[in-house]
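Chemist: Under this note's numbering, think of the first position of the sequence shown as 465, with each following residue one higher.
Just so you know, these hints were derived from the structure itself, not from any lab. Take the hints with a grain of salt, since some may be wrong.
[To be verified] Below are the SDA-like pairs computed for lysine to any residue, each with C-alpha atoms no more than 25 Å apart in a straight line:
hint : residue 1 : residue 2
1    : K595      : I645
2    : K489      : L535
3    : K816      : T765
4    : K490      : K609
5    : K802      : Q792
6    : K602      : D492
7    : K599      : K816
8    : K609      : K489
9    : K713      : I701
[Stated by the list, open to error] For each label pair, taking beta carbons as the anchor points, the in silico distance ranges come out as:
hint : residue 1 : residue 2 : range
10   : D703      : E662      : 22 to 30 Å
11   : K519      : G644      : 38 to 46 Å
12   : N787      : T720      : 45 to 53 Å
13   : Q812      : D492      : 27 to 35 Å
14   : G774      : P646      : 28 to 36 Å
15   : V790      : K713      : 16 to 24 Å
For each residue, glycine too, the CB sits at the ideal point set by N, CA and C.
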Amino acid sequence: MRIALVGGGTGGHFYPLIAVVEAIKKEDPNVDFYYIGPNAYRKDILDEYNINFVKCPAGKLRLYSSIQNTLDLFRVIGGVLVAWYKLYILMPDVIFSKGGYTSVPVLMMARFYRIPVVIHESDSVPGRANKMAKKFAKYIAISYKESLDYFPKEKTALTGIPIREDLINPSAEDPFTTLGIPNDMPLIYITGGSSGAERINDVVLQTLPDLLSNYRVFHQTGVDNEESVRVAVKTLIQDDTMLDRYYIKGELDVNTVSAILRAASLVISRAGSTTLHEISIHGKPSIIIPIPESISRDQRTNAYAYTKTGAGLILEESNLTRNLLVEQINTIMTNADKYKTMSQIALQFAHKDAAQKLTQILLKTGRDHG
Numbered sequence: 465m466r467i468a469l470v471g472g473g474t475g476g477h478f479y480p481l482i483a484v485v486e487a488i489k490k491e492d493p494n495v496d497f498y499y500i501g502p503n504a505y506r507k508d509i510l511d512e513y514n515i516n517f518v519k520c521p522a523g524k525l526r527l528y529s530s531i532q533n534t535l536d537l538f539r540v541i542g543g544v545l546v547a548w549y550k551l552y553i554l555m556p557d558v559i560f561s562k563g564g565y566t567s568v569p570v571l572m573m574a575r576f577y578r579i580p581v582v583i584h585e586s587d588s589v590p591g592r593a594n595k596m597a598k599k600f601a602k603y604i605a606i607s608y609k610e611s612l613d614y615f616p617k618e619k620t621a622l623t624g625i626p627i628r629e630d631l632i633n634p635s636a637e638d639p640f641t642t643l644g645i646p647n648d649m650p651l652i653y654i655t656g657g658s659s660g661a662e663r664i665n666d667v668v669l670q671t672l673p674d675l676l677s678n679y680r681v682f683h684q685t686g687v688d689n690e691e692s693v694r695v696a697v698k699t700l701i702q703d704d705t706m707l708d709r710y711y712i713k714g715e716l717d718v719n720t721v722s723a724i725l726r727a728a729s730l731v732i733s734r735a736g737s738t739t740l741h742e743i744s745i746h747g748k749p750s751i752i753i754p755i756p757e758s759i760s761r762d763q764r765t766n767a768y769a770y771t772k773t774g775a776g777l778i779l780e781e782s783n784l785t786r787n788l789l790v791e792q793i794n795t796i797m798t799n800a801d802k803y804k805t806m807s808q809i810a811l812q813f814a815h816k817d818a819a820q821k822l823t824q825i826l827l828k829t830g831r832d833h834g
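Using the sequences plus the hints, can you model the full thing?
Modeler: This is the structure:
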């Protein structure tokens, strides 16, 4: 069986694809995988999982006037022509799409060749690519029940987001040992996503004198911000004891993320859908700071869909201040009943079997087509 993977170009799209590949390989090690897109994103991971990379251009058509739209229109046309040829050669049994503009040329030609398509929507409000594909997709998998309003109910299933095995079933080693952090104080994990968030970094620096008196802080800053934050912290915190409670990294590998999510008492994060599901799988109370709506409507809708369950608190970036952040942290950390309730709700939100559910859908679809 051949399965083609398309979608995204960001970690939020890419890593769920890898989680499904992991699960399928356990079920049927003879499946061949092909990742189709403008670039390999993480060639090292594709090689690790023996996933073939097939290059296919794509263009992003914006909803506002831009000269870039003209250039990208040619990329879309070129992508459709390349997808027409590549799919004719590969002729996969099923295509698994995570959406995003990079999936569009392949999805258009999948319909032309009548290759069955399974789409997965990570966000509570679907993107344009998945809205287009819903008309001809064989099955649709969603991550939030709110998404049911946008898709045909008879072929849509709530699966959650597939999460990599290393995060669901991590190493048996004590996470504090893995991280090299003493387990003597509550640990707060603060992340602005894989590329970091300058606004969050700035406010976190302001809060450190308050936080380090009672907590240890693990701060993922983004690679480009790491050095400037290191310099600022050394200027801001003069007490060596407090400074020893602060840990900083630009970016994290999956094993470190797994250890931090197990060790942390509280997570402060952006609202990427995959990140929210990773937090929920570990049952961690959270403070969610979505990217402003002017930049990403998806994050804001995800944040409200997640926090309205009671699993976390939402803090809009426009309201993000030192005092308010410290207040929200203490509201959670000093109220044992509230903390326990948030943790239980987070666990209830999680779908640890998402990859397995999608595996069954994809294998059945591919076999039926074959």
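Chemist: Run every hint past the structure and note whether it holds.
Modeler: Hints and how they fare:
1. K595 to I645: 45 Å, violated
2. K489 to L535: At roughly 39 Å apart (the allowed maximum being 25 Å), L535 and K489 break the hint.
3. K816 to T765: 22 Å, holds
4. K490 to K609: 28 Å, violated
5. K802 to Q792: 12 Å, holds
6. K602 to D492: OK: K602 and D492 at ~21 Å, within 25 Å.
7. K599 to K816: This hinted pair is violated, its Cα atoms lying about 28 Å apart.
8. K609 to K489: Cα-Cα ~28 Å, so violated.
9. K713 to I701: It holds: about 17 Å lies between the C-alpha atoms, which stays within 25 Å.
10. D703 to E662: 22 to 30 Å: At 26 Å between Cβs, range holds.
11. K519 to G644: 38 to 46 Å: 41 Å, holds
12. N787 to T720: 45 to 53 Å: Distance hint for N787, T720 is violated at roughly 31 Å.
13. Q812 to D492: 27 to 35 Å: This hint holds: roughly 31 Å between Cβ atoms.
14. G774 to P646: 28 to 36 Å: 31 Å, holds
15. V790 to K713: 16 to 24 Å: Holds: the Cβ-Cβ distance is about 22 Å, inside 16 to 24 Å.
In this structure, the hints that do not hold are numbers 1, 2, 4, 7, 8, 12, in rising order.
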